[in-house]
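I would like the entire structure built from these sequences, with the hints used as guidance.
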Amino acid sequence: MTTQAAKNELLNQFREWTSYVRDLESLDWTKPLNEGKWSVHGLVSHLMMWDKYFWERAIQPISQDQPLSLQELDFDEFNREAVEFGHSKSKSELIELAVYYRRLILEAIEGMDEAKLNQTYGEFTIESYLRDFIWHDQHHRSQIEERKAYLV
1 MTTQAAKNEL LNQFREWTSY VRDLESLDWT KPLNEGKWSV HGLVSHLMMW DKYFWERAIQ
61 PISQDQPLSL QELDFDEFNR EAVEFGHSKS KSELIELAVY YRRLILEAIE GMDEAKLNQT
121 YGEFTIESYL RDFIWHDQHH RSQIEERKAY LV
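Each residue of the sequence shown is one higher than the one before, starting from 1 at the first, in UniProt numbering.
Just so you know, not all the hints are guaranteed correct.
[Said to hold, decoys possible] Computed Cβ-Cβ distance ranges for the label pairs, DEER-style:
#: 1; residue 1: R147; residue 2: S19; range: 28 to 38 Å
#: 2; residue 1: Q4; residue 2: A149; range: 16 to 26 Å
#: 3; residue 1: A149; residue 2: Q64; range: 15 to 25 Å
#: 4; residue 1: S26; residue 2: H139; range: 42 to 52 Å
[As the list claims (entries may be wrong)] DSSO-like, lysine-lysine: derived pairs with alpha carbons at most 30 Å apart:
#: 5; residue 1: K52; residue 2: K37
#: 6; residue 1: K37; residue 2: K7
#: 7; residue 1: K52; residue 2: K89
#: 8; residue 1: K31; residue 2: K91
Don't read these hints as lab results, they were simulated from the structure. Note that the Cβ used here is the ideal one computed from N, Cα and C, for glycine as well.
Okay, structure coming up:
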């Protein structure tokens, strides 16, 4: 991430999820998006748990000058557990958690100096993380948008 403008653009795109997830509240969160696919509830829980994971294991440690604790994960198991966790939360609780973790990440990255932003931590960089998860958000948003009429 070489310029302030590039950082701001990535953060603005990453921030979009916080308003988008709030706009989903009026939809039916129980219907699967397609046969064999997650519901909106499961999808929001999935994204929130990835934010929580990267907050706790990468972004917060970087912001506090601590070592990262990222691990090799079984993505299928992680995602299954994320969806199960979501079943224990109401729609409004899950929205608040999703916004909470995303804001923690945004605020921490906004407060980082250029050295932290541009440093490579093993194979992890802030820029690649933001780019990957902006794509991830957009992928799942497009799944919701394609089925929005069905979810009203």
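Please name the hints from earlier in the document that this structure breaks, with their numbers sorted from lowest to highest. Hints 1, 2, 3, 4 and 6 not satisfied by this model.
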